[in-house]
Amino acid sequence: MNNLISIKSATLSEDIAQQLTNAIVQGDIPQGSKISEPELAKQYGVSRGPLREAIVKLEGLGLVTRTANVGARVIQLNTQDMLDTFTMREALEGMAARLAASNMPSDEIDSLYALLDKHQAHLDANQDEHYVQQGGNDDFHLRIIHASDNAKLIRLLTEELYAVIRMYRRHTADQRSDPRQALREHKAILDAIANHEGDLAELLMRRHISRARKLLEQAMQQAAASSQPPSIHHTSNKNKRGNQ
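The letter at position 123 of the sequence shown is residue 125 when you use my numbering, and the numbering goes up by one with no holes.
Any given hint could be a false lead.
[Stated by the list, open to error] Under the rule of at most 16 Å between Cα atoms (straight-line distance), these lysine to aspartate or glutamate pairs were calculated in the EDC-like manner:
no., residue 1, residue 2
1, K120, D151
2, K216, D83
3, K189, D140
These aren't lab readings, by the way, just hints derived from the structure by calculation.
Go ahead and model the full structure; you've got the sequences and the hints to work with.
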């Protein structure tokens with residue numbers, strides 16, 4: 003984070019918050035590190051006001067904690083928090099898949115099939131190399147969440163859990179013995195949604211996330227045993243795409 007980033011927008015603090023979120027999720031700002039307002043203000047070329055508003059938003063996203071007389075720090079991921087988070091994720095995303103089976107338009111279903119074809123092409127072109135989830139329109143899970151068409155469910159998953167879930171998901175990028183397994187599960191979930199089988203879509207989504215939780219728990223336990231934090235899998239040199 004050495005280059006000055008110029009941000010010009012009517013929602014300056016929102017833009018800063020998004021940039022900081024991506025930096026934290028990708029590991030450019032390490033877990034447990036102290037947030038230096040003077041350094042970040044210089045980095046982003048902004049005043050302290052919008053930056054503080056952005057940090058408050060990061061607190062709301064669960065990425066930053068603030069302690070009196072210490073200041074703000076990036077969260078430190080841990081196994082118990084992961085289990086709590088993924089228990090909620092399994093239930094909520096299962097419900098999102100059920101609702102998407104009734105609400106997802108046919109053109110969005112076609113678009114998601116095209117996305118999965120793109121993910122498969124990545125595996126074919128890279129000798130089944132593991133790939134990590136991107137955000138936004140390339141995120142299979144996020145698009146199903148929005149297709150639920152339930153405002154409260156969308157808010158819970160995208161505003162209160164999504165950023166932390168992205169951090170955890172990156173920790174299993176190198177832990178999967180079969181990188182095509184998640185892709186097969188995604189296709190089965192989408193088939194159920196396309197066929198308007200809500201019960202099946204929910205069941206498959208819950209199983210999919212449960213498997214991801216078990217992989218994460220194993221990875222974090224192995225890291226704890228070796229006294230090493232789970233590595234953040236960077237994608238700066240390769241265009242890698244979605245997984246769990």
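Query raised in the report: Between K120 and D151, is the straight-line Cα distance small enough, at 16 Å or below?
Result: The hint is violated at about 25 Å.
Requested in this report: Could you grab the alpha-carbon distance between K216 and D83 and see if it respects the 16 Å cut-off?
Outcome: Roughly 14 Å between the alpha carbons, so the hint for K216 and D83 holds.
Query raised in the report: Given the proposed pairing of K189 with D140, does the C-alpha separation stay at or below 16 Å?
Result: holds (15 Å)
When the structure is compared with the earlier hints, a violation turns up for hint 1 alone.
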